[in-house]
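Visitor: In order, the protein sequences belong to chains A and B.
Taking our numbering, I'd label the letters of the first sequence as residues -17 to 293.
Taking our numbering, I'd label the letters of the second sequence as residues -17 to 293.
Please keep in mind that the hints were generated in silico from the structure rather than gathered at the bench.
The beta carbon of each residue, even a glycine, is placed where N, CA and C say it ideally should be.
Please note that the accuracy of each hint is not assured.
Stated by the list, open to error - Computed list of chain A residues with no C-beta within reach of chain B, every gap over 12 Å: (1) P101; (2) A113; (3) D225.
What the hints assert, rightly or not - Below, in silico cross-link-like pairs of lysine to aspartate or glutamate (EDC-like), each with a Cα-Cα straight-line distance of 20 Å or less: (4) A:K231 - A:E243; (5) B:K199 - A:E195; (6) B:K231 - B:D94; (7) A:K199 - B:E147; (8) A:K199 - B:D166; (9) A:K231 - B:E195; (10) A:K231 - B:D244; (11) B:K231 - A:D166; (12) B:K199 - A:D164; (13) B:K(-7) - B:E19; (14) B:K(-7) - B:E147.
As the list claims (entries may be wrong) - Covered stretches of chain A, going by a simulated chain B footprint (3 or more residues, C-beta under 8 Å): (15) 74 to 84; (16) 194 to 207.
Protein chains: 2
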Amino acid sequence: MAEQSDFQPFKRLALIGIGLIGSSIALRASRDGLADEIVVYTRRAETLEKARELNLGDVYTDRISEAVAGADCVILCIPVGAFASVGERMSEHLEPGTIVTDVGSVKRSVIDQLLPHIPDGVHLVPGHPIAGTEHSGPESGFPTLFDNRWNLLTPLEGGDEAATERLADFWRALGSQVDIMDPDHHDRVLAVTSHIPHLIAYNIVGTADDLAEVTQKEVIKYSASGFRDFTRIAASDPVMWRDVFLHNKDATLEMLGRFSEDLSALQRAIRHGDGDLLFDHFTRTREIRRGIIDAGQEVAEPNFGRYKTDT
Amino acid sequence: MAEQSDFQPFKRLALIGIGLIGSSIALRASRDGLADEIVVYTRRAETLEKARELNLGDVYTDRISEAVAGADCVILCIPVGAFASVGERMSEHLEPGTIVTDVGSVKRSVIDQLLPHIPDGVHLVPGHPIAGTEHSGPESGFPTLFDNRWNLLTPLEGGDEAATERLADFWRALGSQVDIMDPDHHDRVLAVTSHIPHLIAYNIVGTADDLAEVTQKEVIKYSASGFRDFTRIAASDPVMWRDVFLHNKDATLEMLGRFSEDLSALQRAIRHGDGDLLFDHFTRTREIRRGIIDAGQEVAEPNFGRYKTDT
């Protein structure tokens, strides 16, 4: 899967946070020689020790000053709620010319939290790789996570274009495709494609778990009828997702309003026995999946290719 | 995968309807010798021709009288809305001792539609295999579809126990596990585990498709962030699902009411910045997936095992 890349390695790549995304960056950068030195920072001693066991970097530290000193690229791989605090603590240790970026699922809030702490001459280029699994922690990473996935960079107006281009090259070397997007537009797009789906999944799994008359055992046994698909994203990291909703509040609430209106229309059609409305709606939605498969963002096999079949 | 079975084959197995489920029954029964003769009935000439090309049976007919005559087992593999009409047309051709069963996703309505047309001495034993994919039609079937999936039989009070046992043996020979359940309880359990998840998925895919400011192209490109999981079940057969909602109206509407209440609580937590409520909810839902994996109803690999990883 490794592609040739003419990316000129970072001298010192500092990963602030080493969960699924941070560890996947580390593994790919290490595998393909995209940094001369990889620094792993995390707050918790157990996580740092785990990262060391997994051999994810060259330097391990729980001091952010040590992590960012001398780094030409700093990537914040932490929950969206932690940016202001981390930004404040690292600010005075950032060196001119350094690229500071992140992998947060929300972009406006990240910019608002981080920008006050970015010294002159340091280049803030926010980013969001659209990649992940429902697993979390440093042991969940793998070097091909970003292959053929999109990374959305949301550079600031008047920012350094060379820094943006260098970061884009880095992400391409990690396997991604790169798009540039306005941060507010990003937050609205992701509210639809990611944040609302997660909220809905978390919600339906919670509703099912709450029912007294239908036991949890029944929900589990008969989940292959549809429910289990929702449980995957409802198994995602709770801290990460709490922060996403708190920090993309407006777009999430607006899209949720539209979702609920549309659901009311389907509910009304069921109540009034309007089969034509249901049929038309259900026919239209089939097309979307075909588009996703054609775009290389989904496997074509039935059931996500979950099981080998001998057709 | 074939297991030894001491199931005494049906003499003549009539499949009424030959979509994903009907064709999967045909392929498995044929592979493992579970019927001396398989009769394929379908209304549409193209579908019948397709079934013939796929070599799914021994006899092909578009006359229901011919299909059920002499059959010792008749399985209705048709949308839930078609049972009254098919029941009426086949009634006088059913022979004493025949087992009549089905694979419908709703059980009370199927019983109400079918029972008036079941002659004395014919054994109605409704059933519902919890198995499927988002694909439909006779070309979508495969013989291992039912392996390790549950089939819920909802026999009538006072019905023939030997017929139920024989049908249960047949489904075990097809690869299923079998549970017996009350039809009304079935409809409430499935409303939670299947019907509401499908409605929600259909709805969110529709909402995303409707947004003018977020283009369909964006929804497709960035779907790996969560949305694509929903598109799978929103690609399911529109006729089948229209009929499910129209025929399980009460349970669906009730469960939908609970879902919406719960969603309002999450919405309120987002609006008021109640991170603790969100965190607690998101933590609880993680457990459910573990239960489903442990119960053998889901794969353990991240992302449904969609992609091979080289960790």
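Visitor: It remains to establish, for every hint, whether it holds in the given structure.
Guide: Outcome of the hint check:
no.: 1; hint: P101; verdict: holds, 30 Å
no.: 2; hint: A113; verdict: violated, 6 Å
no.: 3; hint: D225; verdict: violated, 8 Å
no.: 4; hint: A:K231 - A:E243; verdict: holds, 18 Å
no.: 5; hint: B:K199 - A:E195; verdict: violated, 42 Å
no.: 6; hint: B:K231 - B:D94; verdict: holds, 14 Å
no.: 7; hint: A:K199 - B:E147; verdict: violated, 24 Å
no.: 8; hint: A:K199 - B:D166; verdict: holds, 18 Å
no.: 9; hint: A:K231 - B:E195; verdict: holds, 18 Å
no.: 10; hint: A:K231 - B:D244; verdict: holds, 18 Å
no.: 11; hint: B:K231 - A:D166; verdict: violated, 40 Å
no.: 12; hint: B:K199 - A:D164; verdict: holds, 16 Å
no.: 13; hint: B:K(-7) - B:E19; verdict: holds, 6 Å
no.: 14; hint: B:K(-7) - B:E147; verdict: holds, 17 Å
no.: 15; hint: 74 to 84; verdict: violated (count 0)
no.: 16; hint: 194 to 207; verdict: holds (count 11)
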